[in-house]
Amino acid sequence: MLKKEGEIRIPAGCAISGIMNRKGIRFSGVDIITSIALMHDRSNGLGGGFAAYGIYPSHKEFYAFHIFYDAKESKEKTEEFLNEHYDIDLAGKIPTRKMSIIKDAPIIWRYFAKPKESTLIESALPEDEYTARCVISINSNIKGAYVFSSGKNMGAFKAVGYPEDVGEFYRLDEYKAHLWTAHGRFPTNTPGWWGGAHPFTLLDWSIVHNGEISSYDANRRYVEMYGYQCSLQTDTEVITYLFDLLVRKHKINLELAARILTAPSWDEIDAMDPEKKELFTNLRRIYSGALINGPFSIILGSNKGVLALNDRLKLRALVAATDGDNLYLASEEAAIKVICRNPEKIWYVEGGKPVVMNLEVPDKC
Amino acid sequence: MKRVYAVEKLCLNCKLCEVYCKTAHSKSKNVIKAYKYETPVPESRIFVEGDNTASLAFSCRHCEHPACVEACITGAMVKDPETGIVTNVKERCIGCMTCLLVCPYGAIRPGHIAYKCDLCQGETTPACVANCPNHALVYIEGGSEK
Amino acid sequence: MLEYLMPEYKVIRDKDRCIECGACARQCSNEVHKIEEDGSLSADEVKCVNCQRCVCLCPTRAISIQKYENNFRENANWTDQSMKEIFKQAATGGILLSAMGNPQPYPIYWDKMLLNASQVTNPSIDPLREPMETRTILGRKPDSVEFDENGRITTEIPPGVTIDVPIMFSAMSFGSISLNAQKSLAMAAKELNTFYNTGEGGMHQDLFPYADHSIVQVASGRFGVHKEYLERGQIIEIKIGQGAKPGIGGHLPGEKVNSEVSKTRMIPEGSDAISPAPHHDIYSIEDLRQLIYSLKEATGYKKPVAVKIAAVHNSAAIASGIVRAGADIVVMDGYRGGSGATPTRIRDNVGIPIELALAAVDQRLRDEGIRNQISLVIAGSIRNSADIVKAIALGADAVYVASAALIAMGCHMCRTCNTGKCNWGIATQRDDLVKRLNPEIMSKRVVNLIHAWDHEIQEMLGGMGINSIDSLRGNRLMLRGIGLSEKELEILGIKHAGE
Chain W
1 MLKKEGEIRI
11 PAGCAISGIM
21 NRKGIRFSGV
31 DIITSIALMH
41 DRSNGLGGGF
51 AAYGIYPSHK
61 EFYAFHIFYD
71 AKESKEKTEE
81 FLNEHYDIDL
91 AGKIPTRKMS
101 IIKDAPIIWR
111 YFAKPKESTL
121 IESALPEDEY
131 TARCVISINS
141 NIKGAYVFSS
151 GKNMGAFKAV
161 GYPEDVGEFY
171 RLDEYKAHLW
181 TAHGRFPTNT
191 PGWWGGAHPF
201 TLLDWSIVHN
211 GEISSYDANR
221 RYVEMYGYQC
231 SLQTDTEVIT
241 YLFDLLVRKH
251 KINLELAARI
261 LTAPSWDEID
271 AMDPEKKELF
281 TNLRRIYSGA
291 LINGPFSIIL
301 GSNKGVLALN
311 DRLKLRALVA
321 ATDGDNLYLA
331 SEEAAIKVIC
341 RNPEKIWYVE
351 GGKPVVMNLE
361 VPDKC
Chain C
1 MKRVYAVEKL
11 CLNCKLCEVY
21 CKTAHSKSKN
31 VIKAYKYETP
41 VPESRIFVEG
51 DNTASLAFSC
61 RHCEHPACVE
71 ACITGAMVKD
81 PETGIVTNVK
91 ERCIGCMTCL
101 LVCPYGAIRP
111 GHIAYKCDLC
121 QGETTPACVA
131 NCPNHALVYI
141 EGGSEK
Chain V
1 MLEYLMPEYK
11 VIRDKDRCIE
21 CGACARQCSN
31 EVHKIEEDGS
41 LSADEVKCVN
51 CQRCVCLCPT
61 RAISIQKYEN
71 NFRENANWTD
81 QSMKEIFKQA
91 ATGGILLSAM
101 GNPQPYPIYW
111 DKMLLNASQV
121 TNPSIDPLRE
131 PMETRTILGR
141 KPDSVEFDEN
151 GRITTEIPPG
161 VTIDVPIMFS
171 AMSFGSISLN
181 AQKSLAMAAK
191 ELNTFYNTGE
201 GGMHQDLFPY
211 ADHSIVQVAS
221 GRFGVHKEYL
231 ERGQIIEIKI
241 GQGAKPGIGG
251 HLPGEKVNSE
261 VSKTRMIPEG
271 SDAISPAPHH
281 DIYSIEDLRQ
291 LIYSLKEATG
301 YKKPVAVKIA
311 AVHNSAAIAS
321 GIVRAGADIV
331 VMDGYRGGSG
341 ATPTRIRDNV
351 GIPIELALAA
361 VDQRLRDEGI
371 RNQISLVIAG
381 SIRNSADIVK
391 AIALGADAVY
401 VASAALIAMG
411 CHMCRTCNTG
421 KCNWGIATQR
431 DDLVKRLNPE
441 IMSKRVVNLI
451 HAWDHEIQEM
461 LGGMGINSID
471 SLRGNRLMLR
481 GIGLSEKELE
491 ILGIKHAGE
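Heads up: the sequence lines are chains W, C and V, in that order.
For the first sequence, the positions run 1 to 365 when the numbering used here is used.
For the second sequence, the positions run 1 to 146 when the numbering used here is used.
For the third sequence, the positions run 1 to 499 when the numbering used here is used.
It cannot be assumed that every hint is accurate.
Distance condition first, Cα-Cα at most 20 Å in a straight line; then the derived PhoX-like pairs of lysine-lysine [claimed, not checked]:
id, chain 1, residue 1, chain 2, residue 2
1, V, LYS263, V, LYS227
2, W, LYS103, W, LYS93
3, V, LYS67, C, LYS36
4, C, LYS33, V, LYS15
5, W, LYS23, W, LYS304
6, W, LYS143, W, LYS75
7, V, LYS47, V, LYS112
8, V, LYS421, C, LYS9
9, V, LYS34, V, LYS10
Label-pair distances were calculated between CB atoms; the ranges are [stated by the list, open to error]:
id, chain 1, residue 1, chain 2, residue 2, range
10, W, ASP273, V, PRO131, 17 to 27 Å
11, V, ALA317, W, ILE107, 38 to 48 Å
12, V, ILE153, W, SER231, 47 to 57 Å
13, V, ASP126, W, VAL338, 34 to 44 Å
14, W, ASN342, V, GLU499, 48 to 58 Å
15, W, SER231, V, ILE108, 27 to 37 Å
In short, the hints are calculated from the structure, not lab data.
Quick reminder that beta carbons are idealized off the backbone N, C-alpha and C, glycines included.
Please model the entire structure based on the sequences and the hints provided.
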């Protein structure tokens, strides 16, 4: 009797890839699909997904909810909830191609919505926190409904299948984004649940992740103290919540947050000059529950840009390259070379040192 | 030269130093055999005085200018010029006990011949020091202030 | 004269091995061995408490101690033990007093939990080749901080103390144990860069050089508590209770109060030192807050204040109150905790296992969102490094050990500390016995023990794919239960092996 994500912890190995243009110039999903397709053997066909930023310029002030429904009843209940809390501008099925390889698709809908003025004011919350709580509420309380994307002017697209097939299924060649990330999954269980594929998202955060963290339960029990519910029991989910907590709620700069999650060793800290030593000692003390142990490489996307990070001991592969205004990231050098023959610079990402590219024309969301 | 010094506040009055001294000077070097089956029973060259409240183990001080060496009428008592250890050469000792009378520490005991500490013939660590359960005996250079 | 109580032990002396050196007779403070006129040794067994001193010291290993076999008629309800206790009380009319921790065969939960190792999907880490961090910082911390333009933290962060291993030495007062025993612990704490605890007996001046590694305790009797004492400690621990005797105060018999103890505790020589049951200025949680802040005021807010409680039924609620009362560290002592003297019935029947209390308190504090604000330290029979790893996985920041350190120093758990005749020089004030404990030797043994445990912890961490103790803390998925009921698994917050 196989349990699905959320009922049991499923470790996974995988492939990740990412492309970004710093000037916000948008391009189609063809390149990212080509890149992730090259790493076919890193997946086993049990999950693939993409995150794309800048794809809904006409609705860029609206939250774009992408939702899976197991059944009509789930859809009805969810829409009731959404209508109570949001004004929905546009709603409809996410366009897909019929493919025999992609089986057992749930009902996949998207909604462009703004929080209802009155309910938002009553809640006394900023709209991001309001939306985060609504999403967590739907995912925890409404059976058969799963919000898998909830950011503005961005969207996640995922399914059970090889990522290149998933890309074709969602017609990603027809979208244009300035930042694409992709993931191919190799889970050590066969749950067949679409919601379990990567990327994991919350608001405009998206994470694609390769690896298995041994500190998972310490991280989960830390982050759940601050209002998060790790309902999926996946590493990716907890890493996303850690970033959300440190960056959005505690207002720590993204690169420092990444450094906190892959904190320097005590030996390194002891060798620092007094001011830095005090800073990092205090950060390690306060955020000891956020320290991530175990092999991982992640690509974190947001409306502000992209961040790639490896664990402190560099136990997973991650390659980066720059060419002109573009940044390429992937689990393998070949996956970059297949879409960018001769990048100006190509290097292997160092453990614990984040690679960051910020959007030069940030979307004012 | 290194000598055996006693740390009075650590001495337990267990007298195990005496037991191991006897064993080290036995033929069999085995505690049980030394006590039960050897004749004559070997003598201890270290002596514990006092009781459970305060006790001390003392032995020959291997003096710089040994009175016993001067007093010895047969020349059996000698101080080795290299090691500094004062020993009683068995073949020459006639058991007159003059050395015993002149020793200011009372570190010589009577028997078939005169018995005194020989620092285990220059072994790395004398048996009494090695076997004291509380490290109340130390084998170090220098004067009594240590 | 009707003798109701027979000896518990027989002294077996192998005549073929005994060389009649008399060391046993000179060493036994209970006067069991005697040198007869003809030089042979005899034993008066009724006085033997099985401390094993003679056995360990005998140069020919001629002595062994065995149970005195005199069997009452079998009765699973009225056991020999329960009847003997009645005989004792019928003779004396007094409370039964015991020492050291609860010896009854209640379940030991440490032994019912198993650890994980990483394979394939997540590599294990090699402690020989990679740094393995066991450093821990104890103290109160904010949930988040603010930065200025230069990236410096502007939020005030309360004081913390760093320990290189997640192990500290638990409170054992001067009076219950000898000065040499305390010195050994203090020396070991300094070498290991961790802490020892003065217990409720004040701090003797010989220990002043080790003040940087001391935790000073403020217990209900307030023995030895004055401003300099508080200034010397690095952590101030308010002792509300201890695992061996929840609900009652300490008792040091007058015989153990010699001139040194009297000076250090600030009480008259020869008088019984009886700590009251509650602190008479803490009758409710707000009173505790008052004491915590008085201590902080007295020491300029420079030292973390810990509050130690015994693990009892509503520990979770009490712990939550302690956190909100302003404590920096919460210490919990389980029912297996040791003591120099405690009423037998209370030791064996009051309190709960630390494993369950720890799991409950850690979960409750997380549910309330306040776990990250303080450090949690537990005690109550940590016997080996696996217990420590499991304790941290359940949620502790560090552990206290006491009995284990004493065993390293020679204690054989004869459990007669209250008589003050400890043959190992540990739980006594008699000079002739205390001098048997050479702090140079004994501190080294304790250091060896903790180093050995630290290496074992690193091996286990590496096996789990973790290279920092921060990632083990509260990581309950690293534990699985075995032979536990649904309820026990639920309270511990772990799954059963196989899941």
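Here is what the structure says about each hint:
Annotation: proposed proximity of LYS263(V) to LYS227(V) holds, straight-line Cα distance about 16 Å (limit 20 Å). Restraint check for LYS103(W) and LYS93(W): satisfied, since their Cα atoms lie roughly 17 Å apart, inside the 20 Å limit. Simply put, LYS67(V) and LYS36(C) have alpha-carbon atoms about 29 Å apart, too far for the 20 Å limit, and the pair is violated. Taking the CA atoms of LYS33(C) and LYS15(V), the gap is about 13 Å. The hint holds against a cut of 20 Å.
Note on LYS23(W) and LYS304(W): the hinted pairing holds, with a Cα-Cα distance of about 12 Å set against a maximum of 20 Å. Between LYS143(W) and LYS75(W), the direct Cα distance comes to roughly 10 Å. Compliance with the 20 Å bound is thereby established for this hinted pair. Using a Cα cut-off of 20 Å, the hinted pair LYS47(V) and LYS112(V) is violated, with the two alpha carbons roughly 38 Å apart. Distance check on the hinted pair: LYS421(V) and LYS9(C) sit about 19 Å apart at the alpha-carbon level, within 20 Å; holds.
Restraint check for LYS34(V) and LYS10(V): satisfied, since their Cα atoms lie roughly 15 Å apart, inside the 20 Å limit. Between ASP273(W) and PRO131(V) the CB atoms are about 20 Å apart, so this pair conforms to the stated range of 17 to 27 Å. Remark: the range hint 38 to 48 Å for ALA317(V) to ILE107(W) is upheld by a beta-carbon distance near 47 Å. At about 33 Å, the beta-carbon gap between ILE153(V) and SER231(W) misses the expected band of 47 to 57 Å.
Checked against the hint of 34 to 44 Å, the C-beta distance between ASP126(V) and VAL338(W) comes to roughly 35 Å, which is consistent with it. The supplied range of 48 to 58 Å is met by ASN342(W) and GLU499(V), whose beta-carbon atoms lie about 51 Å from each other. In this structure, SER231(W) and ILE108(V) meet the distance hint of 27 to 37 Å, their C-beta atoms being roughly 35 Å apart.
When held up to the earlier numbered hints, the structure conflicts with 3, 7 and 12 and fits the remainder.
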